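Engineer: Bring the two chains, given one by one in their own frames, into a single complex with the hints.
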Amino acid sequence: MQRNQLRFVFTKRLGIIVGILLILLTIVILKFFFLQVIKHNYFQQKATNNSIKLIPIAPARGLILDRHNKVLAENKLVYNLELDPTIKHDFEGIQKHLKSIAPIEDADVAQFHKITKENYYSSTVPIKSNLSQREVASFLARQYLMENISLVGRLERFYPFNEYGSHVVGYINRINKEDIKQLQRKKKFSLYKGTDHIGKTGVEQMFQDSIHGAPGFKKIEVDAKGRVIRTIEVQDPKHGDNLQLTIDIDLQKIAVEAFQGEKGALIAMDPNNGEILAYVSQPDFNPNLFVNGIDHKNWGRLNNDKSKPMLDRVIRGIYPPGSTLKPFIALAALENNLRKPPYTIFDPGYFTMPNGSKTFRDWKREGHGEVDLIKAIAVSCDTFFYGLGLELGIVKMNNTLRAFGFGEQTGVDMLNEKKGLLADEEWKKNNRGKRWFAGETVITAIGQGYTQVTPIQLAHATAKIAVANKYKTPHLRLDKSSPLQEYDVMSVMPRHDDLMQFIKKGMEDVTAPGGTAAFLANNHYKIAAKTGTAQVFGLKGGEYIEEDLPDHLKDHALLIAYAPANKPQLAIAIVVEHGGSGGSTAGPIAKKVFDYYLQKSQ
Amino acid sequence: MIINNLKNLGSRIDQTIFACLMVILVVGLVTLYSADHSQTNEFISQVANITLGLIGLFVMSNTKPKIIFSYTPFIFIAGLILLIWVKFFGLESNGAQRWIDIGILKFQPSELMKLAIPLTLAWFYQNNESNITVQSHVIASIILGIPFYLILTQPDLGTALMISFSAFAIIFSAGLTRKFIISSSLLLLISSPFLWHSLEKYQQSRILNLLDPFQDALGAGYQTIQSLIALGSGGLIGKGWMNSTQTQLNFLPEATTDFIFAVYSEEFGFIGVLAILSVYIIFLLRLSFMASRMQDTFSRLTTLGIIVSIFSGVLVNLGMISGLLPIVGAPLPFFSYGGTSMVVSLVSIGIIMSLYSHKSLIAN
Chain S
3 MQRNQLRFVF
13 TKRLGIIVGI
23 LLILLTIVIL
33 KFFFLQVIKH
43 NYFQQKATNN
53 SIKLIPIAPA
63 RGLILDRHNK
73 VLAENKLVYN
83 LELDPTIKHD
93 FEGIQKHLKS
103 IAPIEDADVA
113 QFHKITKENY
123 YSSTVPIKSN
133 LSQREVASFL
143 ARQYLMENIS
153 LVGRLERFYP
163 FNEYGSHVVG
173 YINRINKEDI
183 KQLQRKKKFS
193 LYKGTDHIGK
203 TGVEQMFQDS
213 IHGAPGFKKI
223 EVDAKGRVIR
233 TIEVQDPKHG
243 DNLQLTIDID
253 LQKIAVEAFQ
263 GEKGALIAMD
273 PNNGEILAYV
283 SQPDFNPNLF
293 VNGIDHKNWG
303 RLNNDKSKPM
313 LDRVIRGIYP
323 PGSTLKPFIA
333 LAALENNLRK
343 PPYTIFDPGY
353 FTMPNGSKTF
363 RDWKREGHGE
373 VDLIKAIAVS
383 CDTFFYGLGL
393 ELGIVKMNNT
403 LRAFGFGEQT
413 GVDMLNEKKG
423 LLADEEWKKN
433 NRGKRWFAGE
443 TVITAIGQGY
453 TQVTPIQLAH
463 ATAKIAVANK
473 YKTPHLRLDK
483 SSPLQEYDVM
493 SVMPRHDDLM
503 QFIKKGMEDV
513 TAPGGTAAFL
523 ANNHYKIAAK
533 TGTAQVFGLK
543 GGEYIEEDLP
553 DHLKDHALLI
563 AYAPANKPQL
573 AIAIVVEHGG
583 SGGSTAGPIA
593 KKVFDYYLQK
603 SQ
Chain R
209 MIINNLKNLG
219 SRIDQTIFAC
229 LMVILVVGLV
239 TLYSADHSQT
249 NEFISQVANI
259 TLGLIGLFVM
269 SNTKPKIIFS
279 YTPFIFIAGL
289 ILLIWVKFFG
299 LESNGAQRWI
309 DIGILKFQPS
319 ELMKLAIPLT
329 LAWFYQNNES
339 NITVQSHVIA
349 SIILGIPFYL
359 ILTQPDLGTA
369 LMISFSAFAI
379 IFSAGLTRKF
389 IISSSLLLLI
399 SSPFLWHSLE
409 KYQQSRILNL
419 LDPFQDALGA
429 GYQTIQSLIA
439 LGSGGLIGKG
449 WMNSTQTQLN
459 FLPEATTDFI
469 FAVYSEEFGF
479 IGVLAILSVY
489 IIFLLRLSFM
499 ASRMQDTFSR
509 LTTLGIIVSI
519 FSGVLVNLGM
529 ISGLLPIVGA
539 PLPFFSYGGT
549 SMVVSLVSIG
559 IIMSLYSHKS
569 LIAN
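First to last, the protein sequences are chains S and R. Residue numbers for the first sequence follow my numbering, beginning at 3 and rising by one. Residue numbers for the second sequence follow my numbering, beginning at 209 and rising by one.
Please note: incorrect hints may appear among the correct ones.
[Stated by the list, open to error] Subject to a maximum C-alpha distance of 30 Å in a straight line, what follows is the list of computed DSSO-like cross-link-like pairs (lysine-lysine):
| hint | chain 1 | residue 1 | chain 2 | residue 2 |
| --- | --- | --- | --- | --- |
| 1 | S | LYS528 | S | LYS342 |
| 2 | R | LYS295 | R | LYS272 |
| 3 | S | LYS221 | S | LYS41 |
| 4 | S | LYS421 | S | LYS398 |
| 5 | S | LYS507 | S | LYS431 |
| 6 | S | LYS188 | S | LYS420 |
| 7 | S | LYS227 | R | LYS409 |
| 8 | S | LYS221 | S | LYS78 |
| 9 | S | LYS189 | S | LYS342 |
| 10 | R | LYS409 | S | LYS90 |
| 11 | R | LYS387 | S | LYS33 |
| 12 | R | LYS272 | S | LYS14 |
| 13 | R | LYS314 | S | LYS227 |
| 14 | S | LYS98 | S | LYS116 |
| 15 | R | LYS387 | S | LYS14 |
| 16 | S | LYS507 | S | LYS430 |
| 17 | S | LYS255 | S | LYS227 |
| 18 | S | LYS179 | S | LYS41 |
| 19 | R | LYS314 | S | LYS14 |
| 20 | S | LYS602 | S | LYS255 |
| 21 | S | LYS255 | S | LYS299 |
I should point out that these hints are in silico values taken from the structure, not numbers from a laboratory. Fair warning: this is a prediction, and the values are worked out from it, not measured in the lab.
Just chain R, with the same shape it has in the complex (with noise of 0.2 Å):
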């Protein structure tokens, strides 16, 4: 009995994502384990983070599309309080207001946008599925435009353009007409100064950086030029796991969360990088594959807002850690240090091989 219907929760997971998925996995457990050197225990802690976020995803998998859809609202709206009462009473590190501190674990609320984002835009466009107009594109960008305004204000540039991105997609792809898309363009390229001016101070020299980060190499590029350092030292073999002297002697910042991807390309050189990629680029296409097989609304865009946000994460990571974007904070999905974020990424695919094995909401 017990045996059989294991066999039935497993049928729910998509083998190739699963296999992805490990890989992914377990090579940020292994550059995780160099990259904590300081024995802080991130990497028993990350491995907990991987149970739970791998039980989400085998729940979630198994949970009806029908009853996701209808927990919808409440997980927006249980995001946005938390998100609300982080700006109230959230734990400051580093000059930003992200953490909800819940007895034994902390907890950051925009990483849970994530993923409530692409449910509560494709919920909207589900039950508007009949009659979508510039009407409802209006309504979904305020849905976007609240949380994004409370993640870009705690402050988090990196959460709040994630979220925007896989908003747009979904907008996008829900049926936008060609006029409506370039109108929006020009009235985005007009407002880009007045965005500028939005942004606050660091944010600002940090995309100035970007530029020449070796004209403030103490100040704002440190960041950036020790991880390019790290990468280019790394060469085309890698100098070998544990090896990274860049990681090893503290030159390269946030070496577990955020900068973890050029421990791993220090340690295992463009060879590394290049097989490491190519698994998440099968993990890309697999995605959009499923995606593109779902019947109705619901299914598709959020798969769709997931895949965004997953990789927009990916993008802005690997640019951030390679000196193409500014330092704005972004983890690598699957890969770096942190609990939320894990946690969310892997229910979220969880969510996705329901949305795909079940077929159609309305079916079941």
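Next up, chain S with everything else stripped away, as it sits in the complex (with noise of 0.2 Å):
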């Protein structure tokens, strides 16, 4: 080739050459237009997410007192060896590690396994728990050697009177993910970014909402390592109310240690303003052992005692009332003009039906004699009240009862009371299939039967006897200031004075001399009370002989009553399951509340 003509290629193919790099300029450049200026927005805002972070600050949980400001549940400040569960970790290697530091236990690795595969965490989750101070000091001067464990200082539930007040208090537990799945339906999910636990029974999850607060935020700057680099701003947390309880704790432990281990309840209330002074569920448990996740073998125990120690008997224990049934039956009758004294009966120890089908037995073999309607409530008269149900019947009856809050929750401040049960023609079709018998009438005024009730019914009941048209729902939650009326859920049907005085003179009979539980009477205050006892062992035509029985088929003894007489200051119920009969074991733990409470109180 020539030269010229070498030339004349080289300077076409160097048009190309650069036409093809220009294109190739002008191609990147649209694309940073692109990049920068269209799509600038989406990419600022996957700048901005890169590198700012939103920490969550767990508000304070509130604290919940006494009616005398003692605490029932603070927190602890703890200190935690944590793990964050989103990496991997060799666990034989770190327990080996801290061996001589903090020692681990093969059950703390299963327990931070069972909090990671079942509960919700916001950030790490403790490997070992509550740390001594040796055991910090020493963990700190080897910490450069473990980095992936933290020390964590954590606020930490603690319950310092223990069992004492498992039921009424509660407890709090991590989040799982049922709790999860309901705050999301409540729309309340965000409240709980950065905490990890909450109220799970008692005050603690009734009144969670209050309790709770509401979380700050820490807005930081992190780099590509997550490190911080600035404090962007801050928003305080909202801290959880405190709790004041109307319960007296001191009231509350002499109650509890009254059971001296038996099971039963024991509801002790102000009659004159429905404040809840003593709560107890027997046996109880340590609210303590659920603050971090309780471990498999407390859980198994709890659970599968057959003496149910999770189980609020309170609000959730139904039992037949027996004989403590009989004062509202017999202002039933008064109220439908039957049985209003001077009227009396003759009992010559049974009842028989009018058309001679079947007989009914009275307690006491050979029978009460003359018998009008006070001395039926002291001396508790089977065939008294065997005949006064067959005239009044089965509706009569309830309506009464039902003015009396049986059959309905009582609306005190606790979540998943249970009703009780008010049986009659209807619900025996609806849930028996079957007919109703005019017998099934006359047991039921004897409050046995179908006849269901809770502790905190008996109670509230009583309460309405003592302080009849001035009368408040119980509740849990100390306010001073709230009116009278506010707590009044319940339509009070007006109770003529007249006719419960009757009522109240029987109830104080059952405490003199000849009345059923005479050893309750003293020189300081009358007690009006009833006792009765409730069949658990169907007694098929055989001999009901206690010491026989074993315990399980005992019949359950309760008691209520209110005292003093003249100027109620307390209502009490109390179950006491596999009691005997009512006034022997229920009267002296009625004693000692009452003894306590009214000799403190003058």
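Structural biologist: Right, here's the structure in full:
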């Protein structure tokens, strides 16, 4: 090729190459334009997401106090060793490493796995909780060896009275999947950012929202390795409100100890204002076990225990009321113009149906002789009530019982309260598919049959007898400012004081000589009461001899009472499961509670 | 006397090229200052690189083309020896063996090849000027092939591609017939599946990631994503010097070397990008004009080779950070931190200035 020709080819092809380079540069510039101008907002957001993080600050949970400001639930600063559950850990290595510093048991590792599998966690999860000062110090000295393990200070719930408040105060536990679902449904999950615990039972659950508060946040800038560069903004959390209860923890202790290991429930309330002073369900448990997720062993122990320590018997235990129902049945009769004193009957020790089809025995084989309504309550005469029941009929009986709150929730500020049962013809048809027998009306009048009540219903109804017409719903949150009627959710039918006097007299005579709880008589104050014995075991024609029966077939002992009779200050209801006859086991418990409360306040 | 000599030295400097260079170098340094927040003194080191490079530029611009021409084979052979040396004794970093450590500084022989290949091919075609046949192109391809293979297996796909672009441009412009161009293009197309298989796994995944970088956001796509975020969040006017969050908070990888232009884009925005790329384009046009005025094959082809080598570097780098091309590891010429690249690029410009100002290889 000639020189000139070469130069010509070169110039032409140089042009082509430079042209290609310019076209490619233009494409690059267009791509930059697309990214930087058209998609700017999108990438701006991505850049912000990269570097700006919101760290939630959990609110401190409100304290729970008793009526005299004694702390029932508080927050204790504890130090935990915690791990990030999102990364893999060599647990054996960690255990070996920490052996001489803060030994980690296999159970701790199992617990860590349980929490991370079943629960929600906002950050790190404890592998060892509640380190001693010595453990903290020796960990800090060798921390540099253990990058993945962090020492975390946390405010942990602590129940200083342990078992004493277990059912009423309740406990908190780690948030689980079910809790998350519920919180999301209530659109409250955002309030739980940074929080790992939630109230599960008792007032911890009932007043969860106000005790919890609302989280704050810290807006921070982080680098690519997640290190904090600076804090941009801090909004403090709104700490939870303290909750003051009507409970008197000293009275509660007296009541719990009075049970001496028996199973059952006790409710003591001020009938004048509905404030619950003692709320006992036995057996109980230590709520502190639950705070960091209860371990398998304790959970199994509490749940497999046949005596059901986890059951709140006060609002969820349902019992046949036995003879404690008699004062209310008596009032039903008076309201329907039946059996008004001085009307008497003769009790031969049994009641026979008018058509002679069936005979019902009195608890006293030889009978009580001449009995009026007052005496019938005092001696708990079954025969008197058999005839009365039959004449009154199930509908009228139930109407009066309903007015005293039976068959309905009392409205106490606790969740999942049971309703109990007031059975009638319709109920039996719907639930048992059978017709109602007149004999069933007869036994309902002495509190047997299908009728079922909760201890709190009994206390509630007793308070209504004690201070008829100015009655307040039983409650646990102490709120001095709220007026009387605010709690009065029940429409109380006007009780005629003149009729009520007979009932009160009958109950006062229960503790008088000859009454079923005469031993409750004392020189300091007068107790009005009614004992009851609820059959657990159906005696099919057999004899009931208490000593011969195994414990779980023994009758439940019940007692309702208020005192002082002339100016009631305390109304109580007691159930002692398999406690035999009412007065003998429930009576001494009532006595201790009254003694403490009435003598203290004098 | 001395002043006169200095004046003479300066007379070989092309003013347009020098002005463009100074703008790019200064902006590059300003950006590096912001990107090098980890205080590893890369800024100071880069000033030294530039100084060394500019001295090289002055020296080369005053070196007669004849001398450059006659030293070319030695440069090529020295480059090859260094590449083989690096293969056996080189320093390894990030899974690639690219560096030779000679005491006080590290040296990257593949960068030298960006100059050595254009020189050598131009030298070869100059020598066979009177009789350029298909055979000459085959020999030229072999001259390219040996360093290409050595660099590709370091592995350094980016540099390997750039030297081959430069070499193809030279072969193409040296008088390749149209028939040959078409048939070799077809051959390349057919062999592309085999080329694909000869790539390393990570190189394949980088190419695949280009299609959807967000699919593997924490893996191979991470660098691309962070770079796109840097560019996009910079917007039209940028976040301001030293204010780039992507860079200052370390989200952007290789912020001083391969991704330095992402830092620039984040801080100075699209307007800044347009301004600096205009300078690069003026630079390209001026170099091309100079190439078109050269009288002999050696000068023309050398200049063209260097132009393509530099601007394919620019394109691959910008394509890479804007997500048009896979991450192959290519510095932005005159801008990225790196000694060998900076010195070799400046020396190359010095050679072009010499070739241009002396007009003819033969005359002088």
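Engineer: Please go over all the hints and tell whether each is borne out by the structure.
Structural biologist: Taking the hints in turn, this is what the structure says about them:
no., hint, verdict
1, LYS528/S <-> LYS342/S, "holds (24 Å)"
2, LYS295/R <-> LYS272/R, "violated (34 Å)"
3, LYS221/S <-> LYS41/S, "holds (26 Å)"
4, LYS421/S <-> LYS398/S, "holds (19 Å)"
5, LYS507/S <-> LYS431/S, "violated (38 Å)"
6, LYS188/S <-> LYS420/S, "holds (24 Å)"
7, LYS227/S <-> LYS409/R, "holds (27 Å)"
8, LYS221/S <-> LYS78/S, "holds (27 Å)"
9, LYS189/S <-> LYS342/S, "violated (58 Å)"
10, LYS409/R <-> LYS90/S, "holds (28 Å)"
11, LYS387/R <-> LYS33/S, "violated (35 Å)"
12, LYS272/R <-> LYS14/S, "holds (27 Å)"
13, LYS314/R <-> LYS227/S, "holds (29 Å)"
14, LYS98/S <-> LYS116/S, "holds (21 Å)"
15, LYS387/R <-> LYS14/S, "holds (17 Å)"
16, LYS507/S <-> LYS430/S, "violated (35 Å)"
17, LYS255/S <-> LYS227/S, "violated (54 Å)"
18, LYS179/S <-> LYS41/S, "violated (39 Å)"
19, LYS314/R <-> LYS14/S, "violated (40 Å)"
20, LYS602/S <-> LYS255/S, "holds (14 Å)"
21, LYS255/S <-> LYS299/S, "holds (27 Å)"
The structure shown violates the earlier hints numbered 2, 5, 9, 11, 16, 17, 18, 19.
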